[in-house]
Every structure is written in structure tokens, then in C-alpha cells.
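Number of protein chains: 2
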Amino acid sequence: MSRPAAKTEPRQDASFPARLNAAAAETERLLERLMSDALVDGEIARPARLMESMRYSSLGGGKRLRPFLTVETAALFGVPRERALMAGAAVECIHCYSLVHDDLPAMDNDDLRRGRPTAHKAFDEATAILAGDGLLTFAFDILGRPETHPDAAVRIALVTGLARSAGLGGMVGGQLLDLAAEGRFGRNEAPQGEQGVLTMQAMKTGALLHFSCMAGAILGGAQPDKRDAVSRYGKILGQAFQIADDLLDVEGDAATLGKAAGKDAAHGKATLVDLLGIPGAHARLSALVADAEAALAPFGADAATLTDAARFVAERRA
Amino acid sequence: MSRPAAKTEPRQDASFPARLNAAAAETERLLERLMSDALVDGEIARPARLMESMRYSSLGGGKRLRPFLTVETAALFGVPRERALMAGAAVECIHCYSLVHDDLPAMDNDDLRRGRPTAHKAFDEATAILAGDGLLTFAFDILGRPETHPDAAVRIALVTGLARSAGLGGMVGGQLLDLAAEGRFGRNEAPQGEQGVLTMQAMKTGALLHFSCMAGAILGGAQPDKRDAVSRYGKILGQAFQIADDLLDVEGDAATLGKAAGKDAAHGKATLVDLLGIPGAHARLSALVADAEAALAPFGADAATLTDAARFVAERRA
Numbered sequence: 003m004s005r006p007a008a009k010t011e012p013r014q015d016a017s018f019p020a021r022l023n024a025a026a027a028e029t030e031r032l033l034e035r036l037m038s039d040a041l042v043d044g045e046i047a048r049p050a051r052l053m054e055s056m057r058y059s060s061l062g063g064g065k066r067l068r069p070f071l072t073v074e075t076a077a078l079f080g081v082p083r084e085r086a087l088m089a090g091a092a093v094e095c096i097h098c099y100s101l102v103h104d105d106l107p108a109m110d111n112d113d114l115r116r117g118r119p120t121a122h123k124a125f126d127e128a129t130a131i132l133a134g135d136g137l138l139t140f141a142f143d144i145l146g147r148p149e150t151h152p153d154a155a156v157r158i159a160l161v162t163g164l165a166r167s168a169g170l171g172g173m174v175g176g177q178l179l180d181l182a183a184e185g186r187f188g189r190n191e192a193p194q195g196e197q198g199v200l201t202m203q204a205m206k207t208g209a210l211l212h213f214s215c216m217a218g219a220i221l222g223g224a225q226p227d228k229r230d231a232v233s234r235y236g237k238i239l240g241q242a243f244q245i246a247d248d249l250l251d252v253e254g255d256a257a258t259l260g261k262a263a264g265k266d267a268a269h270g271k272a273t274l275v276d277l278l279g280i281p282g283a284h285a286r287l288s289a290l291v292a293d294a295e296a297a298l299a300p301f302g303a304d305a306a307t308l309t310d311a312a313r314f315v316a317e318r319r320a
Numbered sequence: 003m004s005r006p007a008a009k010t011e012p013r014q015d016a017s018f019p020a021r022l023n024a025a026a027a028e029t030e031r032l033l034e035r036l037m038s039d040a041l042v043d044g045e046i047a048r049p050a051r052l053m054e055s056m057r058y059s060s061l062g063g064g065k066r067l068r069p070f071l072t073v074e075t076a077a078l079f080g081v082p083r084e085r086a087l088m089a090g091a092a093v094e095c096i097h098c099y100s101l102v103h104d105d106l107p108a109m110d111n112d113d114l115r116r117g118r119p120t121a122h123k124a125f126d127e128a129t130a131i132l133a134g135d136g137l138l139t140f141a142f143d144i145l146g147r148p149e150t151h152p153d154a155a156v157r158i159a160l161v162t163g164l165a166r167s168a169g170l171g172g173m174v175g176g177q178l179l180d181l182a183a184e185g186r187f188g189r190n191e192a193p194q195g196e197q198g199v200l201t202m203q204a205m206k207t208g209a210l211l212h213f214s215c216m217a218g219a220i221l222g223g224a225q226p227d228k229r230d231a232v233s234r235y236g237k238i239l240g241q242a243f244q245i246a247d248d249l250l251d252v253e254g255d256a257a258t259l260g261k262a263a264g265k266d267a268a269h270g271k272a273t274l275v276d277l278l279g280i281p282g283a284h285a286r287l288s289a290l291v292a293d294a295e296a297a298l299a300p301f302g303a304d305a306a307t308l309t310d311a312a313r314f315v316a317e318r319r320a
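Read top to bottom, the protein sequences are chains P and R. Just remember that the working numbering sits 2 ahead of the position in the first sequence, which is counted from 1. Just remember that the working numbering sits 2 ahead of the position in the second sequence, which is counted from 1.
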């Protein structure tokens, strides 16, 4: 079942879509290989149904924005591409697990994801919960491997960064605040005002996008000034992503999105688009793209693709 | 909120219950402190409801058998107790998350756990799913910290071992096979015969108990022969634990167990007790206790507490 690692190495001058698609294809092949070879204590064990549901939930779709950010940030520091792809694959496992759990009936109760039935519809709720748990756990399995980086201290820095961005104070905490914003747990627990919404979004989607960028800097042993520049860029990118997402929820339609639209309003959830208005949200997005470009200034022309990535995130239609 | 680390250090000649209770109390205090201090990227972020549900699901109960095994195995190799407690706390987070998710309506649908309402009853389903995800992620946060071990290579070995014992090829995979054993996914996916049941149990509960012991050997930098001895002991202990569990399901009652009894028969699930009969299962348990003692022979008198632990696991009434 094992295949050789992907060899595709896009030329530095390849167009943005070509680079994005190349990283997506390589991530897909890597995830497929890693899951096919999943080991336990030296033996191979893969209960068929769990394997199938984990594959369904992580392969065959998605822009793979997070692994792309890791790959492109890592490239700034001369990190071998196959190492960046390993770290990116780990981040993508976390992202995919979060979609599976967020779609569950007890959470957002979505039937559609990337134009296909959600995992609990394609399988069943118990299998979907376990597929999510399996993907979450597998992310740390991937980061633990020497192929990610030969230096254990670097791998541990990735483990800590991923755990913090994905956990209590990051994505998981943000998803709880997101449910709270719908009024589920009563008024007192709902995030209040622009700062409350910004914090909720920074945790729910921002933290993992930020870490996707930081992973490249960690792999590359970046000096503090460069590391701080990547960190600023990652935070700005996360904010832009979420405003674009909120705008899509208002302006998009299910056919283009591959998932339900208009959900925020239906759930009575405050977003930045409510607080800023649609034109105000577009203006904020443009400002964030400019901020992202400014944050990348220390890298000069090398960061052109990451600047494009900020623009892509801000202007995406799906 | 921060408290100094627990100082209790039971004397080597303390009785087995005293040692078990001391490790449980220290684990409880450590988990409480770690969660109170939960950090994200240098800042503290703890959504109140998520924090409360994670605390509810991990504090205030349980024998803490897994951290105890880590502490006692680590003691064989002279590992400082506070390091073993860190690794044990990580394992306990995994154990507690698995209970929360296994109790969910879509899984085993249990209302009672350790004599209290299960997390989704005390809170709600969405919060319970997120509390489980948060605890799972937090386990790796804990293992990443220098307090667990100053050497990053040792911490990474713990991360890999925990991820493999908890994931696809371990606990998560075993839980899927357990549901399959109830016939949920049709006849073809149910584990078949004694070997099928043994594999399912080795994955579902055995893998994490095994790792609880291995964590001590990893922290202690055990030589291969001693490491193998601990590994053999851990596997035997896992088998004994599960047979005792199956016997309790047949012979126990809910009041003593703090959870529902008779569930296996109600779900039509084959267990080793069905395959061996009740007297056969008791005989197998006695043999496993003898095997556990034999596995520990290389450690001589130092391993007396671990021998007691095997007996305790085999003979427990709750």
C-alpha cells in the first residue's frame, strides 16, 4: 500500500492557483499514504469502517489552505518541502476533524459539506464522532515522526503549538463560544460586542490558521524578528478569513459554497458583518490585505505567494 | 489560581491502597492546576462553560489507575515522581475524554458515570463533545511541556506512544469494533471468535493501559530487556482488566459500579465471559495475575506494588 512521497515541486514562479493546487494534491497523496500505513505499536491495525470514515472526511476535497500556508511559509526559511507537507498534513487532520464534529446533529446539524453528505449522514453519528477523534489523534502521530523534522525539539514545538491552537484556548474553545453566540447557553455566555466576536473568531478559526503559518517558521528555526513577522501575518490572515466567511454566509448560495448559506442570521448569531455592515466588512477586508502585505515586508519578493494568499482568502467566493 | 506541585511522596513500604490513593490525589491536584493555568500562545483563554465541563469530566472521581501505573512503573527506573505524574495526567485526560464520548447518546447512550450524570446529561451534547475534544487535545499539550521531561526526544516518544495507543489502531479503533460487536454495522464488521474479541479488547482498553506502563519505561530510559518486561506486564494487565470488566458487567450491580450493569448481554455483544464461561473467566484471570508476576521478575522485590496492581485489577468489584 505504501507509495513513494510526492515529487511534484512547483517552480517558484508558478502562478498562485498552480501553487495552491500543487500543495493540495501533494497533501492529499501524503494523507492517503499516512493513513494507509497507520501503525500501532509496530503492528498495522485499521478497522475498515473507521478507516473508511476517516478517509471520507479527510480526502477528496478542500482547498487545503492550511497545508498550503505551512508549505509557503516554510519555503521562506528553506525548509525541505516534504517536512512542511508532513506538518501541513497534521494541521489538515485537525481541520477535517473539526468539520466532522461541528457538522454533528448536536452541534451545527449540517447535512452538506464540500457538496457531499456530511460524515454522520454518509456513515452514522457514532462513526462520525470516532472518525473525528481518530483524525485529531492522528495529527499528533504525524507530528511525532522523524520525517516531520529530524530534531525532536522542533517536533515538540509543533506538538505544543498545534495542541494550543486546536484546544481549550483555541479552536475547541472558539467552537463553544460560537455555539454560545447563537444563544444556546443563555445570554450571559454569548460573546459581547465587536471584541467578543473578534475573540471568538480568533479562537475558532484564527488560531489554527495562525499555527499553519507558524509551523513553517518553527520548522525553519526562524529568528525572533522573522518569527514575529510570520505571526503577525498569520493573525491578520485569520481575521480576513473569518470576515470573508461571514460575508459568504450573507452573500453566497449553497450551490457555490457546497454547504448551507444564511446560517448565521438563521441562528441569530452576531458576526462582524452585522457590526460593520456589508460595505464596512469589505473595507475591513481590504485593509487587512494591506496589513498582511506590510507584515511580510521583511521577506521582500520571496513572500509574493503569501501576499497572494491573503488576497485569495479575502476575495474567495467559496 | 496556581498552586505548588503536590509534595506527597508515599513511603515505598506504604500499603497498596495508600499508594493508589496517594497517586490519585496527586493526579487530581495536578489536573486541576494544569487546567486552571491553560494557556494559548502566551495568553490565558478559558471559556467558562468548556472549562467547567472539562473539569466535571476529569476531576472528582475515578481510581486513577492509569496514572498510578505510570507512577509505579516510572519508580522502577528512578524517574522523579513529578514527571511521572505529568505523563500520567496526560493519559488520564485521554481516558476521561473517551468516557465522555463513549457515553454520548449516539455511542453507548449512558446516563450515569461514577455515580453522577454523564457529561451530556449534566451539560448538553454539544458541550460534552467539545469537552472530550478539549481533553484529548490537552493531553498532548501536557506531554509537550518540559516539566514532563527535560529531553524533547523523550517527550516526543511519549507523544507518539500516546497517539498510537489512543488512535485508529488503539482505543478509537477498539471503540468502533466494540460498537461493531453489538451488530450495529451489520454482521460482517463484528469481531469474530475469541481472537476477534481479544483484538477488540486489546485495542479498546488494553492499548492505553499498556501505554500507561510504557510511559514509565520511556521516562526512565529503560534498556530493551526491562522495557520488554514492562511491555509484557502492560499487555497482561490490559487483558486482566477487560475480563474483570466483563465479569463485573455480568455479576455486578449499578449501585456498586456507578454505571449501568448487564449492558453487554442487552446489546448482544460477545465477551470473553461468554466464550469462556464465568468459571473459565475467573480461571483465566488467575492465570493472568501469575503471568503478570512472572513478567515483573527482572525487577525483583521493587515490583511488588505492580504485582499488587495486577491482583487489584483482576479482583476489583467496581
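No wet-lab data here; the hints were simulated from the structure. Treat the hints with caution; some may be incorrect.
Copies of the same chain look alike in the list, so a pair counts if it works inside one copy or between any two.
[Said to hold, decoys possible] In silico SDA-like links for lysine to any residue, alpha-carbon gap of 20 Å or less: (1) Lys123 - Met109; (2) Lys65 - Leu250; (3) Lys65 - Asp247; (4) Lys123 - Arg319; (5) Lys123 - Phe187; (6) Lys228 - Ala124; (7) Lys123 - Gly188; (8) Lys65 - Ala16; (9) Lys65 - Ile280; (10) Lys65 - Leu278; (11) Lys123 - Glu191; (12) Lys123 - Pro107; (13) Lys228 - Ala272; (14) Lys123 - Arg186; (15) Lys228 - Ser38; (16) Lys123 - Asp110; (17) Lys123 - Glu196; (18) Lys65 - Gly198; (19) Lys228 - Phe187; (20) Lys65 - Pro107.
- request: Enumerate the violated hints, using their earlier numbering and listing them in ascending order.
  value: 4, 6, 9, 10, 13, 15, 17, 18, 19 and 20
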